[in-house]
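The listed protein sequences derive, respectively, from chains U and Y. Per my numbering, the first sequence runs over residues 769 to 1106. Per my numbering, the second sequence runs over residues 769 to 1106.
None of these hints come from the bench; they were simulated from the model. Careful: at least some of the hints might be erroneous.
The list treats identical chains as interchangeable, and a pair is accepted whether it falls inside one copy or across any two copies.
[Claimed, not checked] Mimicking DSSO-like on lysine-lysine, the simulated pairs with C-alpha atoms at most 27 Å apart in a straight line are:
#: 1; residue 1: K1094; residue 2: K813
#: 2; residue 1: K1023; residue 2: K830
#: 3; residue 1: K943; residue 2: K899
#: 4; residue 1: K813; residue 2: K1005
#: 5; residue 1: K844; residue 2: K943
#: 6; residue 1: K829; residue 2: K965
2 protein chains.
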Amino acid sequence: MIGVGINGYGTIGRRVAYGVSVQDDMYVSGIVKNTPDYVAIEASKYFNIFVPSEEKIEQFKKSGIKVKGTVEDLCKDSDIIVDGTPEGMGENNLSMYKKYNIRAILEGGEKHSSVDGSFNAYSNFDEMKNKRYVRVVSCNTTALARSLFPVLENYGISSVNATILRRATDPNDSKKGPINAIEPTMQYPSHHAPDLKTVIPNINIKTIAVKIPTTLMHVHIIDAKIPENVNMDDIQKIWNEYNRLLLINSNEGFKSTAQIMDMARERSRNRSDLYEIAIWKDSVNINNGILHYLQAVHQESDVIPENIDAIRSMFNIADKEESIKKTDDSLKIKGGEF
Amino acid sequence: MIGVGINGYGTIGRRVAYGVSVQDDMYVSGIVKNTPDYVAIEASKYFNIFVPSEEKIEQFKKSGIKVKGTVEDLCKDSDIIVDGTPEGMGENNLSMYKKYNIRAILEGGEKHSSVDGSFNAYSNFDEMKNKRYVRVVSCNTTALARSLFPVLENYGISSVNATILRRATDPNDSKKGPINAIEPTMQYPSHHAPDLKTVIPNINIKTIAVKIPTTLMHVHIIDAKIPENVNMDDIQKIWNEYNRLLLINSNEGFKSTAQIMDMARERSRNRSDLYEIAIWKDSVNINNGILHYLQAVHQESDVIPENIDAIRSMFNIADKEESIKKTDDSLKIKGGEF
């Protein structure tokens, strides 16, 4: 059993903790929480609580939360740390993980150059085997990899243009915006294009990113240049074989991201999450060799299965298909046609 | 076992269906769905599906959903119908329920005058015993009853002023607004004041309602005139005794409705719902005999326990305390201090 410590219990950290807790070959050795708020109080019902520094222990005690130690104590209790601390902090934490001679996973906000490699389960599970410091790419990059890799691998793609409509902030946040503006990123391509190349090196892609006032999901508008002889049936057949893609139809009631997330609530998933990338089947068309489609991405949860698989790859305790199947079964991930 | 049919599987209907399904003295005989969308597809995994009319059967079949019959067939299979159809339709359906000689519960959008009485578990459980047609008051009215009744009953209230900040629409809706406007209701008092009197006749209340651009919760700003000798401890003590009130503190991280609903997700409730009314403890103060407080209301789910209790009251199969306890235990409702 691999002991997994979670440093940072935010949007990603708390979901990785849940994901690990339902596996049979790993367990949560503890989680690090920075503030003794309602999230810490809830977490303390299920997990050992650690804090970033000695000074915090008293603050947590006052809130009635039992603390097992500091993040350094958690390092001693763990075989690997999944670092879900705010952007940029993960890289700084690497020296601590190295000091305690344990492995670590960083999330998509950290730099590719700071680790041994970046991870996506479909595109490079095998290449991350036995690596000690691995980064799971961001929610948007993971989503691009999920739907593009199968097409690239099976038919080839000569170039991709993708527009990424990004949610403004997560649902539990009431500070950030925009709440009434559309905020394009001037950088072209946006950072998502080079980020995708860290897990699919041979992809030729340009991305544009625009922030919009919603909290629910990201939406991607994708155009991929494919060989002239590939048709719609070929594409749908191959997507159907990848369980982390869910093919939905707008006439089943999926008019917007609101209904997609409502469906996840109906399925009684943990935290009403949707791990699969939802591709609107009726948006898919092929014209003059351009494959066009729309997909929706649950930014809070789509990278959770990748974090679990990355752990198995790094410890080399399961091969690619076996790990993906274990993860999908335990999280009730069920792609294919809705 | 009481057979409960659910006519209308929208925001309330689907949650009542879940609530009934976890009781040991009633079961879901079937649900009526109007369109064969993703909600119907998910529901068909758990419940018998009925449709509003013969013509719909073919449409559902085409979508691969097995239909057991029409709403009239469901009436034959049921001891009571909970009517969650759109506002105004429930009243029209009463003649059908009477024709089949079965009981029915209408929801808060229907008129009080159309039924034998209106229901709130705390304020008038006993008065609805053996009634055949009962209305569960709306989410806002239920919330007002929950926090005001304990104070009225134990200490007395001479008058109440309440401002109701209403969410624009539910999270699964992408049609309605406002999305960038504040829309006050001109009517004063708003319909909530007379509605509350249907379950607490002797309350003297004025309400104002304003619609705001959010989907998560309603927030109530309440001022209640109480006897001069009642203090803060008295109020908190009595609220602590009523399990459907949850006392939260902004310094536990509950800065807004965003964090309150996030807490519900952390608690792994069905559909990430919050059945309790959340009262901000640090908003409570008493000045010159005016009790002032803020409360947040999860509009999708707070009336669900009342629907369950209303069924037990109408069939007179449990007394008030027993029914409330059964409902609270089965739905994991846990009030008091967070």
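Evaluated hints:
For a Cα distance limit of 27 Å, the shortest separation of K1094 from K813 qualifies both inside one copy, at 26 Å, and across copies, at 24 Å. For a Cα distance limit of 27 Å, the shortest separation of K1023 from K830 across copies, 20 Å, qualifies, whereas the shortest one inside one copy, 48 Å, does not. Taking the shortest Cα distances, K943 and K899 never come within 27 Å of each other, neither inside one copy (37 Å) nor across copies (48 Å). Taking identical chains as interchangeable, the C-alpha atoms of K813 and K1005 lie at most 27 Å apart only when they sit on different chains, with a minimum of 25 Å there against 44 Å within one chain.
For the identical chains of this complex, K844 and K943 are neighbours neither inside a copy (35 Å) nor across copies (52 Å), given an alpha-carbon limit of 27 Å. In this assembly of identical chains, K829 and K965 lie within 27 Å of each other by CA distance neither inside one copy nor across copies; the values are 46 Å within and 45 Å between.
Hint violations for this structure: numbers 3, 5, 6, all remaining hints satisfied.
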